[in-house]
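*Asks:* Residue numbers (the working numbering), protein chains in the order written: chain Y, 1 to 104; chain A, 1 to 203.
Keep in mind the hints are simulated off the structure, nothing from the lab.
This structure is a prediction, so every number in the text was calculated from the model and none was measured.
Honestly, I wouldn't trust all of these hints.
Claimed, not checked - Below, in silico cross-link-like pairs of lysine to aspartate or glutamate (DMTMM-like), each with a Cα-Cα straight-line distance of 20 Å or less:
#  : chain 1 : residue 1 : chain 2 : residue 2
1  : Y       : K77       : A       : D190
2  : Y       : K77       : A       : E70
3  : Y       : K77       : A       : D142
4  : Y       : K70       : A       : D12
5  : Y       : K77       : A       : D149
6  : A       : K183      : A       : E70
7  : Y       : K99       : A       : E67
8  : Y       : K70       : A       : E150
9  : Y       : K77       : A       : E156
10 : Y       : K70       : A       : D149
11 : Y       : K98       : A       : D12
12 : Y       : K98       : A       : D149
13 : Y       : K70       : A       : E70
14 : Y       : K50       : A       : D149
15 : Y       : K70       : A       : E156
16 : Y       : K99       : A       : D12
What the hints assert, rightly or not - Which bits of chain A does chain Y cover? Going by a derived footprint, with three or more residues having C-beta under 8 Å, they are:
#  : region
17 : 5–11
18 : 51–64
19 : 173–183
Ideal Cβ positions, reconstructed from N, Cα and C, are used throughout, including at glycine.
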Amino acid sequence: MPTNTLNGYSFEVDNEGFFEDREQWSEDLARELAALIDINLTDEHMKVLKFARDDQAQTGLTPTLNRMNKTGGFVVKDLFALFPGKPAKKIAWLAGLKKPTSCV
Amino acid sequence: MATIPEGFIIPDFGSAPAAAGGTAPAASSASAPSTYAGPRKISFICSKGNLDMAYPGLIMANAALGEGVEVNIFFTFWGLDIIHKKLNKKLRFTFAGNTAMHMPELGYLRPGLENVSFPQAMANLPGMTRFGTSYMKKAMADLGIPPVDEMIDLLEAAGANMYACKLTVDMMQLIEADLKGIKGVISATDFIELSEGGQIVFI
Numbered sequence: 001m002p003t004n005t006l007n008g009y010s011f012e013v014d015n016e017g018f019f020e021d022r023e024q025w026s027e028d029l030a031r032e033l034a035a036l037i038d039i040n041l042t043d044e045h046m047k048v049l050k051f052a053r054d055d056q057a058q059t060g061l062t063p064t065l066n067r068m069n070k071t072g073g074f075v076v077k078d079l080f081a082l083f084p085g086k087p088a089k090k091i092a093w094l095a096g097l098k099k100p101t102s103c104v
Numbered sequence: 001m002a003t004i005p006e007g008f009i010i011p012d013f014g015s016a017p018a019a020a021g022g023t024a025p026a027a028s029s030a031s032a033p034s035t036y037a038g039p040r041k042i043s044f045i046c047s048k049g050n051l052d053m054a055y056p057g058l059i060m061a062n063a064a065l066g067e068g069v070e071v072n073i074f075f076t077f078w079g080l081d082i083i084h085k086k087l088n089k090k091l092r093f094t095f096a097g098n099t100a101m102h103m104p105e106l107g108y109l110r111p112g113l114e115n116v117s118f119p120q121a122m123a124n125l126p127g128m129t130r131f132g133t134s135y136m137k138k139a140m141a142d143l144g145i146p147p148v149d150e151m152i153d154l155l156e157a158a159g160a161n162m163y164a165c166k167l168t169v170d171m172m173q174l175i176e177a178d179l180k181g182i183k184g185v186i187s188a189t190d191f192i193e194l195s196e197g198g199q200i201v202f203i
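One chain only, chain Y, in its complex shape (with noise of 0.2 Å):
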């Protein structure tokens, strides 16, 4: 399993670079992870990560685009601001989950 070393901190990810143990997160790590993909994560961005998170905790599924839009409350349009491009995904390795499986 590779190892991710960035700014003194280390995680174990898949081949693809997602998280493969999600305590290994933190708040800080994700601020230093959004610097790579050109984020500044705002209290909004935070928000979505947390629910993820205990969505993820609740479920053992990586949050959809849907689920969030139903169950947590947030604009679909809103979510593609935050994390333009890929939102699921930016979310899901933001918050230190796995890449999400589901369809819809």
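On the provided structure of chain Y, position chain A as indicated by the hints.
*Replies:* Structure of chain A alone, referenced to chain Y:
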């Protein structure tokens, strides 16, 4: 942007819009010369109005949007029902003509029955389509897939460009206000123009 350390594995989030990345069209496709050289895009043509044929396009379009791919959807002929405000909650699924219709639940009745296709002679009995429709809606809901009208909302929020076919709108005597989530009523020619350079999926 901070620099990525050496040996650091980072998921593929696509390239910055300016740079040509993995999602750009392959440069080697010299056999089909195109003037288009932008980011990846996919166009879906939804032409069926059955419940089971509405979902494939919507689900794939949603997946493409989540991958940062530009998505155009053209609703034509019976596919127009998918975006029709009064009809898209009432799309139906029928066993008739569908020889691939098996029901996993029947396997609990007697092992093997789950692989037997539904007898076509029974598919046209009164109430069968109603039963099939509610059965399918329940199966989708159990998997967390939203109903069709909510899928349209989801796609619109995710930035899909949806269009209705002008010929069909005229033929069915509809007006734009009957339809939901669309950017406009356009002709087939317009759609071919705006789908240039992308992949086209006909459903």
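*Asks:* Holds or violated: are the alpha carbons of K77 (chain Y) and D149 (chain A) at most 20 Å from each other?
*Replies:* 17 Å, holds
*Asks:* Run the distance test for K50 (chain Y) versus D149 (chain A): straight-line Cα separation, threshold 20 Å.
*Replies:* 29 Å, violated
*Asks:* Would you check the hint for K77 (chain Y) and E70 (chain A), treating anything up to 20 Å between C-alpha atoms as holding?
*Replies:* 15 Å, holds
*Asks:* At least three residues with a C-beta closer than 8 Å to a C-beta of chain Y: is that true for the region 51–64 of chain A?
*Replies:* With 3 residues close enough to chain Y, the hint holds.
*Asks:* Hey, K70 (chain Y) versus E70 (chain A), does the alpha-carbon distance stay inside 20 Å?
*Replies:* Between K70 (chain Y) and E70 (chain A) the Cα gap is close to 24 Å, so the pair fails against 20 Å, i.e. violated.
*Asks:* Mind checking, does the region 5–11 of chain A have 3 or more residues with a CB under 8 Å from chain Y?
*Replies:* Satisfied; 6 residues make the cut.
*Asks:* Are the Cα atoms of K77 (chain Y) and E156 (chain A) separated by 20 Å or less?
*Replies:* Satisfied, since the Cα-Cα distance of roughly 9 Å is no more than 20 Å.
*Asks:* Checking one constraint from the list: CA of K70 (chain Y) to CA of E156 (chain A), max 20 Å. Satisfied?
*Replies:* It holds: about 15 Å lies between the C-alpha atoms, which stays within 20 Å.
*Asks:* CA of K77 (chain Y) to CA of D190 (chain A), is that 20 Å or under?
*Replies:* At roughly 27 Å apart (the allowed maximum being 20 Å), D190 (chain A) and K77 (chain Y) break the hint.
*Asks:* Verify the proposed pairing of K98 (chain Y) with D12 (chain A), using a straight-line Cα cut of 20 Å.
*Replies:* Between K98 (chain Y) and D12 (chain A) the Cα gap is close to 14 Å, so the pair holds against 20 Å.
*Asks:* With a cut-off of 20 Å on the C-alpha distance, tell me whether K70 (chain Y) and E150 (chain A) pass.
*Replies:* Cα-Cα ~11 Å, so holds.
*Asks:* Straight-line Cα separation of K99 (chain Y) and E67 (chain A) no greater than 20 Å?
*Replies:* 12 Å, holds
In this structure, the hints that do not hold are numbers 1, 3, 4, 12, 13, 14 and 19, in rising order.
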